[in-house]
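Novice: Quick note: to get this note's numbering, add 564 to the position in the sequence shown (first position is 1).
Just so you know, the hints here were simulated from the structure itself, not pulled from any lab data.
Treat the hints with caution; some may be incorrect.
[Unchecked claim] Here are the simulated lysine to aspartate or glutamate pairs, EDC-like style, with alpha carbons at most 16 Å apart:
(1) K616 <-> E644
(2) K636 <-> D624
(3) K586 <-> D614
(4) K636 <-> E625
(5) K586 <-> E641
(6) K582 <-> D614
(7) K586 <-> E625
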Amino acid sequence: MITENINPNEQSSQSQTKRILKHMLDGGRITSMSALEGVGSFRLSARIYDIKSLGYDVQDEWITLPNGKRVKQYFIEVVE
């Protein structure tokens, strides 16, 4: 019987997904850079996929940073 975690990143991925989801449910928006800085996620698109798989309606839009670079920003419309 195997008792160890076969994928050592699974726990980290789940934790990152939960933190990103909470941030967006609290009205926050997230980019790949803010995900890296905030939760240590190098793969925001994978975490967004996980969140969408849970049934959340994650929206996205392209934004332009002060340096002129365009990045995708993700969010969940929170209806109060």
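Novice: Each of the hints needs a verdict: does it hold here or not?
Specialist: Hint-by-hint comparison with the structure:
no.: 1; hint: K616 <-> E644; verdict: 21 Å, violated
no.: 2; hint: K636 <-> D624; verdict: 6 Å, holds
no.: 3; hint: K586 <-> D614; verdict: 13 Å, holds
no.: 4; hint: K636 <-> E625; verdict: 6 Å, holds
no.: 5; hint: K586 <-> E641; verdict: 13 Å, holds
no.: 6; hint: K582 <-> D614; verdict: 10 Å, holds
no.: 7; hint: K586 <-> E625; verdict: 19 Å, violated
Of the numbered hints stated above, those contradicted by the structure are hints 1, 7, listed in ascending order.
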